[in-house]
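Quick mapping for you: the protein sequence lines, in order, are chains F and L. Taking numbering that gives the first Met the number 0, the leading residue of the first sequence gets 0, the next gets one more, and so forth. Taking numbering that gives the first Met the number 0, the leading residue of the second sequence gets 0, the next gets one more, and so forth.
Source of the hints: derived by calculation from the structure; they are not laboratory data. Check each hint, because a few of them may be wrong.
Estimated spans, in silico, between C-beta atoms of each pair [as the list claims (entries may be wrong)]:
no. : chain 1 : residue 1 : chain 2 : residue 2 : range
1   : L       : Val263    : F       : Asn179    : 54 to 60 Å
2   : F       : Asn292    : L       : Arg241    : 32 to 38 Å
3   : L       : Asp193    : F       : Thr54     : 46 to 52 Å
4   : F       : Pro296    : L       : Lys153    : 49 to 55 Å
5   : F       : Lys334    : L       : Asp229    : 38 to 44 Å
Dumping the calculated DSS-like pairs for lysine-lysine here, alpha-carbon to alpha-carbon at most 30 Å [what the hints assert, rightly or not]:
no. : chain 1 : residue 1 : chain 2 : residue 2
6   : L       : Lys329    : F       : Lys105
7   : F       : Lys105    : L       : Lys105
8   : L       : Lys257    : F       : Lys325
9   : L       : Lys329    : F       : Lys93
10  : F       : Lys77     : L       : Lys259
11  : L       : Lys332    : F       : Lys77
12  : L       : Lys259    : F       : Lys129
13  : L       : Lys332    : F       : Lys105
14  : F       : Lys77     : L       : Lys245
15  : F       : Lys341    : L       : Lys259
16  : F       : Lys341    : L       : Lys257
17  : F       : Lys105    : L       : Lys245
18  : L       : Lys332    : F       : Lys93
19  : L       : Lys257    : F       : Lys77
20  : F       : Lys141    : F       : Lys341
21  : L       : Lys329    : F       : Lys325
22  : L       : Lys259    : F       : Lys325
In silico contact screen, one side only, chain F against chain L (beta carbon under 10 Å); selected entries [what the hints assert, rightly or not]:
no. : residue
23  : Val68
24  : Thr107
25  : Asn323
All C-beta atoms in this analysis are idealised placements derived from N, C-alpha and C, irrespective of residue type, glycine included.
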Amino acid sequence: MSNNYSRRSFLKTAGSVAAVGALPVTMVELAFAKSSENFTFAYISDAHIQHMSGTRFVNNWDRGLIRAVAEANLMTPKPDFVMFGGDLAQLGSKPELDHGAGMLAKLTAPLHAVMGEHDYYLDLGEYWSKLFGPQYYSFDHKGVHFVVLNSILTTDEWTFKRWPTAEQRMLEMAGLDNPNGSPFMVGEKQREWLAKDLAKVSKDTPVVVFSHSPLQKIYKGWNFWTDDAEQVQALLAPFDKVNVVYGHVHQIQYNQIGNISFNSVMATAWPWPYPQSYAQAETHLPKLTIPMNRADPFFERDATGWQMIDVNTGRVALAYNLYNNKSRTVAFDPKLGHPVDKGLQTVALEPNRTHY
Amino acid sequence: MNRRHTSLWSVLVGAGLPAAIALAGPLGLPPVPVPASNPMTPEKIALGSTLFNDKRFSSTGEVSCATCHDATKAFTDSPRKTSEGIKQLTGTRNAPTVVNAAFFEKQFWDGRSADLEDQSQHPFVNPIEMGLPDHEPILKIARTDAAYIDMFRKAFAIEPSAITMEHVKMAIASFERTLVAGDSPFDKYYFGGDKTAMNEAAVRGFQVFLGDGRCVSCHTIEQDHALFTDNRFHNVGVGINRIQDKVPQIAPRFLEAKAKGLDVDKAVLSDPSSSELGRFAVTDGLDELGAFKTPTLRNVAVTAPFMHDGSLATLRDVVVHYNNGGVTNKGDKVNDFLSGGIRPLNLEEQQISDLVAFMEALTSPQHARPATTAGVQP
Chain F
0 MSNNYSRRSF
10 LKTAGSVAAV
20 GALPVTMVEL
30 AFAKSSENFT
40 FAYISDAHIQ
50 HMSGTRFVNN
60 WDRGLIRAVA
70 EANLMTPKPD
80 FVMFGGDLAQ
90 LGSKPELDHG
100 AGMLAKLTAP
110 LHAVMGEHDY
120 YLDLGEYWSK
130 LFGPQYYSFD
140 HKGVHFVVLN
150 SILTTDEWTF
160 KRWPTAEQRM
170 LEMAGLDNPN
180 GSPFMVGEKQ
190 REWLAKDLAK
200 VSKDTPVVVF
210 SHSPLQKIYK
220 GWNFWTDDAE
230 QVQALLAPFD
240 KVNVVYGHVH
250 QIQYNQIGNI
260 SFNSVMATAW
270 PWPYPQSYAQ
280 AETHLPKLTI
290 PMNRADPFFE
300 RDATGWQMID
310 VNTGRVALAY
320 NLYNNKSRTV
330 AFDPKLGHPV
340 DKGLQTVALE
350 PNRTHY
Chain L
0 MNRRHTSLWS
10 VLVGAGLPAA
20 IALAGPLGLP
30 PVPVPASNPM
40 TPEKIALGST
50 LFNDKRFSST
60 GEVSCATCHD
70 ATKAFTDSPR
80 KTSEGIKQLT
90 GTRNAPTVVN
100 AAFFEKQFWD
110 GRSADLEDQS
120 QHPFVNPIEM
130 GLPDHEPILK
140 IARTDAAYID
150 MFRKAFAIEP
160 SAITMEHVKM
170 AIASFERTLV
180 AGDSPFDKYY
190 FGGDKTAMNE
200 AAVRGFQVFL
210 GDGRCVSCHT
220 IEQDHALFTD
230 NRFHNVGVGI
240 NRIQDKVPQI
250 APRFLEAKAK
260 GLDVDKAVLS
270 DPSSSELGRF
280 AVTDGLDELG
290 AFKTPTLRNV
300 AVTAPFMHDG
310 SLATLRDVVV
320 HYNNGGVTNK
330 GDKVNDFLSG
340 GIRPLNLEEQ
350 QISDLVAFME
360 ALTSPQHARP
370 ATTAGVQP
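So that you can see chain L by itself, here it is in the shape it has in the complex (with noise of 0.2 Å):
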């Protein structure tokens, strides 16, 4: 039954069509939350997708949502390592996949936006990705393009010149929730009881995310699915052990430049050392020096590089990297602040190959590559 209803919502996006809202949702994902101010409607995530492909929604006319968020290639820009706006200027940051960001309760690597509706106006006009000065060329475009001026119209009923910002990111993040996958062969193995659905190095990996690796504590699998994401912010010390002895001169110089007015969205990507704040950049907490957002570990094999700023290139290289107790060479500093949950794993090599094939079965079904099919039966 699962299987009938994962097919028709695959065929429903990857058609492009708008997909049909009170659709089951797919096997390991719980119902998408959607906010009460923006119920989705098939013109809503018709129009978020046209908006999410618009390349002249950047001041070079070469930048769409799409370009970094490919939907050929799980929604992110792999392998690049961190992203390329307008220009070929790269940021600071690994582009996340938007599949299944629905769930997250914060947006970006920081949490630094509260939803995606906020989260989908900044790289407009964030310098380094799209570029726009502002909005307005956007509303521009909306109000007198024909086909915008329909789709808007369909959308939220309104004439042109009462368009404005607020209903594009709604229209962006309505056909942001439609973009959820699951069905991956972990989902038919643990949620569908097809003990068959992960090959057995898959099968003992998952013993070691349950238990030595420690995994689950933060990539989270609750009784009827898995987001593999708490919603928290970890110090895990990637990124901040590269500046952690300057820590004490950048915290102070960062504070002190938003204090007088720093726009914190476009100082963290562009400024290396500030992106590397983390989520003390937002809230200026001491427990958040250095810390990320939990990604969801969902199609994680199709994403490479990994970790908020792609210092990783293989799923390998990050086992290795938690297995050392949060440093990428072993012997390496450990970072001050480093979140409690980190420490030496002591796994051993047959643990980081195993529990490396179960992170390759988390891969769903229409973001499957060739290359990266080790969970699924031969």
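One chain only, chain F, in its complex shape (with noise of 0.2 Å):
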């Protein structure tokens, strides 16, 4: 149950003069910016709408995005925007992409989104940006600046030259620990983008990306990994403040790289098990990163959920929003210089800052 997340901020927001009817938000203080300037802004990933034949799609995601999206709604003061972190879609197909888009078309904050595999490899994103515009793009916000990376491209002989079908070349990618599958890059292009606009902004502007892979390689299998990370991360360590955002693993995960934190956010879907339950292959887990309790098979929303996310002094704080479970925050501490969970951190960890 949320209850302690939605005690713990509605408590601070009823001590506040200023915001009454507030719903359970946290509260934002930009140290860089005027208080005026405070926001917020929610966080919804990984719907994987999946579209069955007709007017049929599987019930039980398209109630975790709705759901999602209803609640983001009722969030007072309103969310200034909402990201969707990609994977609205399962296999990609514009009836799958027209269904989730018309759920967050309810939305009644303006809206981005991030591009996900599973919304990218059947026509490689024509439709989806049709409904959503650009597929990499940055703007800033109150005092922030703000990437939004394709992360989910790989090699162009994969992607052109192995598969008879789209629809096959969509299905190996959906796949998990597929031999045919071929990992996750953002790829030149989009790097040499992303320095030109980096270029633009200074070094002590906080900057959050968003990815719909993980910046940083914790597992191969499943793609929790983008095969440049480590050239998009050298993009981003000249600045002071770097946050990296992403969807696809459906867990929470945080780590620190340098001046780089690292946080996932939940699926509104289903929840992956931790990438260590697959035994016979490496994995890197973040050593900060606690993992969340296994979800109760019985609670069909358990294990998944959204966020809310402050920019606060320029590092990201996710107030997780679960379902059936404890709630969770895991915010970047400043005397730590990493994310922590503020509830559950009971000793110190090291984060691991040679693996990336």
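Build the complex: two chains, separate frames, hints provided.
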């Protein structure tokens, strides 16, 4: 249950003279900006809307997204915008993207979207782009530079030459531990764009990067992985405060590599196990991460969720709204220099800074 | 052996005599949980029973606990949709039976009371229930009425001036802990091994209950007892469906008022919109928006109408609501906050009828009424 999260946030709100009628949100204080510029944004990800036939879609995935949207709309003060973190569809089809877009259209805050591999590999993002616009871009909001990357690309050979049909290409990329799969990458073209984009930004500006896959290497078999992560990290390294927020993994992860904080977001569809549960291959779950407890299969929504994010002092703090479970807040701790779970951190952990 | 215990139990309770506390429980029920701070005694139970039935504890002198929790109606006010307090004022919630309430981990439909003791104090001062301005009138009567002075002395060994609401609450809760009932045809069938105790429709319905109906997920059955509740709160699409389009206005407004000191107990019983926020009104938890406590199904066939707002008239209506995936009329909009476990069931007509027959087999003999004996062998 999300009571702890809600109660705590609510009490904060209740104690504030200015904020009345607030539904649970984290209160934001941007140390680098005027207090009137405080803001939060909501992050919803990995809905995996799945078409069956005709007008029928998998009910459980539908309900997860519908609920997250409705709850995000209840937030007061309203989030400045909502990020959708990719994998709106399951197999990239027009019916799936349309059905999901219809649900997202009910958001009352402006929407930004990240490309996921399940949205991409049927038509290489063509229809998704019609619905949601460019696949990589940046925008500035209240003193923060936000960057959206399409991190789920792979080699041209795999993408264009290997598969007889688009459908098969989609299915191959959707599989886990699939020897026919291929590692994700941001790619040279986007890295060049990113270098140019960041050249315009002063080094003390907080930077928040949204990608679908982790811009770090955790487990290759499930593409908890971006092959050119090091190159992307190198572009981000000169900035004082960098945050990478990613979906894809359907579980809570957080890490610190140099100046870059990494945080994952929840799926609204289903939870994945942590990669070390697959013992046949090497995995690198960040040592900082305190894993989630195992989902109770009775509760269809357990270990799914969405999050409110604030950019406190230029670092992100994620308040996870977890159903039928104890909610968690993972926030950057300036003293420790890395993200911590505010409720669960009981022992001092050193980030594994050598691993990307 | 169980049968003998049961009838002894029934006789004791039925005669209004203090029940022997150590009595073996009815078939199908676990031992009644009794808090260490409030051990049950015959004197306390007798006092609680008297308090429960005393109409002087209402502003008009016309309403007691028993008004809405009537022993002849399985401790409900069936067939009322929602309860009627003083001056014909009606609330927003259907009176839940007190029978087996002792087993709930939280009280009220939204669980806003932690136990029977706490629960018992609220209706006295709710403006649409018993309407007292505060609890002083109760204490005044308890401290001056000769019969009460004697009963409180016997129950708590205290002088009249020392009587407080704590004593009143403990006595009422102790009485309520005697209101337990098992021994239904289902109990005899399932726990007692009597395969003739339920009719064929109810036996088939039991399989639907466990299988396609998915009922047992929340209305739980254990190996040696069945409370038919998971003691949790679920949004099943009742009540909330009526206000779903207005939730973005109602929910923030409610929290705003609560932050300014709104009395949740009074608000949820008097304001239909606030009522439908369910457990959210108590916890502010987003995943409990529109959620209400899973009620026991014991004696459900004699406590119509159903659900927290009494909005469904028959057990068949209830099954159809669940079969539709959380909407009363097929095709209505499913609310955005629906609990994950509620989905269309695709039950066939026969299965729906059988499920109703099964629920009719959950009536304890002491609460059975002639019209609802479908589960009992002819």
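Okay, the hints, checked on the actual structure:
1. In this structure the supplied range 54 to 60 Å holds for L:Val263 paired with F:Asn179, their Cβ-Cβ distance being about 57 Å.
2. Distance hint for F:Asn292 and L:Arg241: a CB-CB separation of about 36 Å, consistent with the stated range 32 to 38 Å.
3. Judged by the Cβ atoms, the range 46 to 52 Å given for L:Asp193 and F:Thr54 holds: they are separated by roughly 49 Å.
4. Range check, F:Pro296 to L:Lys153: about 52 Å between beta-carbon atoms, so the 49 to 55 Å window is met.
5. Hint check: F:Lys334 to L:Asp229, Cβ distance near 43 Å, so the stated range 38 to 44 Å holds.
6. Between L:Lys329 and F:Lys105 the alpha-carbon distance is near 23 Å, which keeps this suggested pair within the 30 Å criterion.
7. Pair hint F:Lys105 plus L:Lys105 does not hold up; C-alpha atoms about 36 Å apart against a cutoff of 30 Å.
8. This hinted pair checks out: L:Lys257 and F:Lys325 have alpha carbons roughly 23 Å apart, not beyond 30 Å.
9. Using a Cα cut-off of 30 Å, the hinted pair L:Lys329 and F:Lys93 holds, with the two alpha carbons roughly 28 Å apart.
10. With a C-alpha separation of about 21 Å, the suggested pair F:Lys77 and L:Lys259 falls inside the 30 Å cut-off, and the hint holds.
11. For the hint linking L:Lys332 to F:Lys77, the alpha-carbon distance of about 25 Å falls within 30 Å, and the restraint holds.
12. The straight-line distance between the Cα atoms of L:Lys259 and F:Lys129 is roughly 47 Å, outside the 30 Å bound, and the hint therefore fails.
13. Proposed proximity of L:Lys332 and F:Lys105 is supported: the alpha carbons are some 15 Å apart, at most 30 Å.
14. Among the hinted pairs, F:Lys77 with L:Lys245 is consistent with the structure: their alpha-carbon atoms are about 17 Å apart, no more than 30 Å.
15. As the CA atoms of F:Lys341 and L:Lys259 are separated by approximately 29 Å, the hinted pair is consistent with the 30 Å bound.
16. A C-alpha spacing of about 27 Å is found between F:Lys341 and L:Lys257, which places the hinted pair at or below 30 Å, so the restraint holds.
17. Restraint check: the Cα-Cα separation between F:Lys105 and L:Lys245 comes to about 14 Å, which is no more than 30 Å; the hinted pair holds.
18. Distance hint between L:Lys332 and F:Lys93 is fulfilled; the C-alpha atoms sit about 24 Å from each other, no more than 30 Å.
19. Taken as a hint, the L:Lys257 and F:Lys77 pair is honoured in the structure, with Cα atoms around 20 Å apart against an allowance of 30 Å.
20. As the CA atoms of F:Lys141 and F:Lys341 are separated by approximately 26 Å, the hinted pair is consistent with the 30 Å bound.
21. For a cut-off of 30 Å, the pair hint linking L:Lys329 to F:Lys325 is broken: about 34 Å separates their Cα positions.
22. Simply put, L:Lys259 and F:Lys325 have alpha-carbon atoms about 27 Å apart, close enough for the 30 Å limit, and the pair holds.
23. Hint on F:Val68 holds. Least Cβ distance to chain L is approximately 7 Å, under the 10 Å limit.
24. Evaluation of the F:Thr107 hint against chain L yields a held restraint, the C-beta minimum of about 8 Å falling below 10 Å.
25. Annotation: F:Asn323 was flagged as interfacial toward chain L, and the flag holds, the nearest CB pair being 7 Å apart, inside 10 Å.
Of the numbered hints listed earlier, those contradicted by the structure are 7, 12, 21.
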